[in-house]
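Same order as they appear, the protein sequences are chains C and W.
Number 933 in this note's numbering belongs to position 933 of the first sequence; there are no gaps in the numbering.
Number 4 in this note's numbering belongs to position 4 of the second sequence; there are no gaps in the numbering.
Mixed in with the good hints, there may be bad ones.
Footprint (simulated), chain C over chain W, 3 or more residues, beta carbon under 8 Å [to be verified]:
#1 1-9
#2 13-19
Cut-off 20 Å, straight-line C-alpha distance, at most; resulting in silico cross-link-like pairs (SDA-like, lysine to any residue) [to be verified]:
#3 Lys825/C x Ala13/C
#4 Lys895/C x Gln676/C
#5 Lys56/C x Thr12/W
#6 Lys56/C x Met1/W
#7 Lys56/C x Leu15/W
#8 Lys905/C x Phe883/C
#9 Lys659/C x Gln676/C
#10 Lys825/C x Leu15/W
Keep in mind that the hints were calculated from the coordinates and are not lab data.
Please read all numbers here as calculations on a predicted model, not as lab measurements.
No residue lacks a Cβ here, since even glycine has one placed at the ideal position from N, Cα and C.
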Amino acid sequence: MSSVTAWLPTGAAGPVPSGDAAGTSSEVLSVAPWSVPARPLTVREFVDLLCVVMGKRTVGPAAVGADLAYWAEALRLAGFQVARQQFLPDLVADGGRYAAIWSPVFAEDDYGRLERLAGRMPAAARALATSDTEPPGREAAAVLRRAVASLVDHLVRAGLPGSRATGGRRGFSSTHQMWMYALKMTGHMAAKPAGVPELAEVIREWRRPVDAHAGSPLQTCIRLEEPDEADGESGAWRIRYLLRSRQDPSLMVPADKVWEGGAAQAFGTSDTAAREFLLVSLGRASRISPSIAAGLDGGDMGGHTIDVEGAHRFLTGEAAALRQAGYTVMLPAWWGRGDTKPRLAARAGAGAFSTPGGILSLDTIVSFDWEAALGDQTMTLEELEELALAKAPLVRVRGQWVEANSAEIQSAIDFLRKGPRQATFRDVIRTALGAAMPPGLDFGGVRASGRVAEMLEKLDGKGFEELEQPEGFSGTLRPYQIRGYSWLAFLGQWGLGGCLADDMGLGKTIQVLAHIQRDWPSSRRPALLVCPTSVMNNWQREAARFVPGLPVMVHHGPDRMRGERFRDAAGEHAMVVTSYGLAQRDAGLLAGIPWRGVVLDEAQNIKNPRAKQSEAARMLEADYRFALTGTPVENHLGDLWSIMEFLNPGFLGTQGQFKSNFLVPVQAEKDSGATQRLKRATGPFILRRLKTDRDIISDLPEKMEMKVFCPLTREQASLYASILKETEEALGSAAGIKRKGVILGTLSRLKQVCNHPAQFLGDNSAIPNRSGKLARLTEMLEEVLEVGDRALVFSQFAVMGGMLQRHLQERFGCEVLFLHGGVPKGRRDAMVERFQGDGGPPIFVLSLKAGGTGLNLTSANHVFHFDRWWNPAVESQATDRAFRIGQRRNVQVHKLVCVGTLEEKIDQMIEGKRLVAEQVVGTGEGWLTEMSNDDLRRVLALSREAAGV
Amino acid sequence: MITLHAGDCDGTPYLWGEATREGRGALPQGDGASPHPFGASTRDCAAPG
């Protein structure tokens, strides 16, 4: 560890913490030098560190500062340069020695990127300096360029074979060979070797065209101009050269004027420098573009004409190569519009149904008409045939230039001649939504009429029927839930699959239950519900509460039914609930049943299409398929195909087609057209409402309380059972105060086991995968963070709070605050301030005693009670940390309860006596000690469903 | 909690740290100086002004 000088914002008490520098306090700050302990890094160590922190807010127990995160972005930029091979070798004087380096070459677009990134450089990234008398004065852009150069050099070297080999080499046959060796290995040349300055000069000359171009205040623009309209198609195309100022891009001067001596007046540079730049620049352009090379032979610096084939070659290939090399290329506006390909549009009529009874279904055959357009001009078949004969690559059609690719025109002609005149309604939908397209041709959509149009409109969400709440549904569906359940029914009726992706807490479960309740009396066939084990209990409990008359069966555990017995039992139930694990293990059994519907809860479980559980899900036969997820599927494109393939098989094509049609264009090429097409293709099958939507917010109460039923893991269940056994023995001989002590001790130990085995054992053992409650909390917090919400997590145990903090911090890679009784007031206030501030840590764990009163934590809109205090007043007080004046959003309160344990039974007792609960349990848990041994046994007993149902 | 910072000083990258209020004390403190977030020492530096 050494020491460097850091120039830091400083107040009276010393340097201000980085999070406070934005100025939460009114204190006047100055920038002052401080000697801080720091560790010097090699570039390799620095790159390794940046790779570790990239995209993370914490690493292990440490937070990633804004400056460190910034350098990770700089590394990304350097990587981008290297990936595009935008670098050249160089030999530069470095003190008394020469260094062989790989330096980045910035092209036109790179300057914008560099400038934008430099503009975002946090002050901390420039805080270090060699001097403690003068603050660092270098401009952000210069600091960034130097850093990127050093990173590029490292990345290029790291990619060279054998570059990490150690050991020097002596005896080179030439300085050139020594340079090559230094470029690959050490970087430095031997001290003052003969011939090195000369080699450096040669390399400087070799790089000169590139450096002159990259470092000049001038820029060369190349403009392609179409023939005058009066000249018709026989007129000449023209390439013109212009120079423009990098500082003021609106200042453009024709190259011939510059050549004649107009540079000084226009740009303030010398005429000689401008001429030299022009010569070097056009010379380089001529090596890239054959059209320019041919034109420059004529000696006219202003520009030259080219024929139509040359213009087409320039548009389709040379222009892009010139741009890549740093030139500004200006092309006619129509070229960039992207509608120069022949485009086909379909007209789908619904006049001729071939379905018995005239009922429109997905398999109905409907008539189809195709028409072609070029640009925005509709073309007849004869016109297209004429164009095909002309064989010119660019043609003017009714005054507008279009690219006439003869192969594509021929495809359009072939398609119009032979293309389908009939299709199933399913294919019409796919075509209309852009999920299926004529091969090799642009597609202009479907213009439908009659009932086909009506159906397509309904798919667009316009006017599908809103249903009444089903009979037998206990409770009241909110207006948006009625809409969601009607949407499910609409898709289900058509055999189409839908993904209900509402925000957590909006009631996806009850919308599905309402649908099954409505469907069951007429279909009498079971729906299969597949979900993670952690939520199976929840489905069971919610069904019992909202659709109590619906026969629900759980397929889980070692004693589950198999074979014919299962088939018979399933047939008598409206809903069969099972886990993803069993859906895979019992795939054969489940696939043999003609399900009315299959519903996948937490559908991100099938995001990997090749995973066994995804394959098992796709094997299931059903009339309708629904997927539920609280995470915005549209943000996870990679997962979308798998979920859509389950919902509507084949709709988005094969995985390979999806990749080339959507994934690569959207993610890698940022193609907004592809993004729109994908949205259009999947939009009708994804319903996502946010709790912040204006029409949803008005439907929601300000505070929603929900129980979250969780299973125990096997380890938890066995610990729970052994504590019960010990208690039984101890209770037999205890009386009076000793008995009370035994009971309170048992309650505490059982609650610890329900929380986490490691809390009970106190052995600092591993945290993940050992607690049903923690698994569920983690899943739910993932959804909370995904949509940018913040949460409070209360536990009555400080030890558990610490475990939660560690686990959640590692799991989500972000800082998690933890407030317990041992935190002094000053730090407590700082935590609250940080949590409430913009960009503060999104999760705040609090022990019930330390955080239950007096704090204002309205940044949170989710409150989790990880364990229960059995005192509604205490829990409400804690909840009110978030739900109080200043809260502008709806607050969701999630109370986690382990099914089949004392937690559920005490919860039921409190719910049953809500009115007197406060009196009964007002003193905490003491009332439980007043129970008889038999009553107590019943409360504490572990039921079979506890461990994973 | 420690916040990690990085910057360039005369061509060499440096890693340095800052302790948040909750985690102060985790970094070495300057001799005789009151604890502050960067483990900084005032000994060799100009007084903040």
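Right, here's what the structure says about each hint:
Only when three residues or more bring their CB closer than 8 Å to a CB of chain C does the claim for the stretch 1-9 of chain W stand; here the count is 9, and the claim holds. Here's how the stretch 13-19 of chain W fares: 6 of its residues keep a CB closer than 8 Å to some CB of chain C, so the rule of at least three is met and the hint holds. Under the criterion of a C-alpha separation no larger than 20 Å, the hint pairing lysine 825/C with alanine 13/C is consistent with the structure, at around 19 Å. A C-alpha spacing of about 40 Å is found between lysine 895/C and glutamine 676/C, which places the hinted pair above 20 Å, so the restraint is violated.
This hinted pair does not check out: lysine 56/C and threonine 12/W have alpha carbons roughly 24 Å apart, beyond 20 Å. At roughly 15 Å between alpha-carbon atoms, lysine 56/C and methionine 1/W fall within 20 Å of each other, so this suggested pair holds. Under the criterion of a C-alpha separation no larger than 20 Å, the hint pairing lysine 56/C with leucine 15/W is consistent with the structure, at around 17 Å. Restraint check: the Cα-Cα separation between lysine 905/C and phenylalanine 883/C comes to about 27 Å, which exceeds 20 Å; the hinted pair is violated.
With a C-alpha separation of about 15 Å, the suggested pair lysine 659/C and glutamine 676/C falls inside the 20 Å cut-off, and the hint holds. Pair hint lysine 825/C plus leucine 15/W does not hold up; C-alpha atoms about 32 Å apart against a cutoff of 20 Å.
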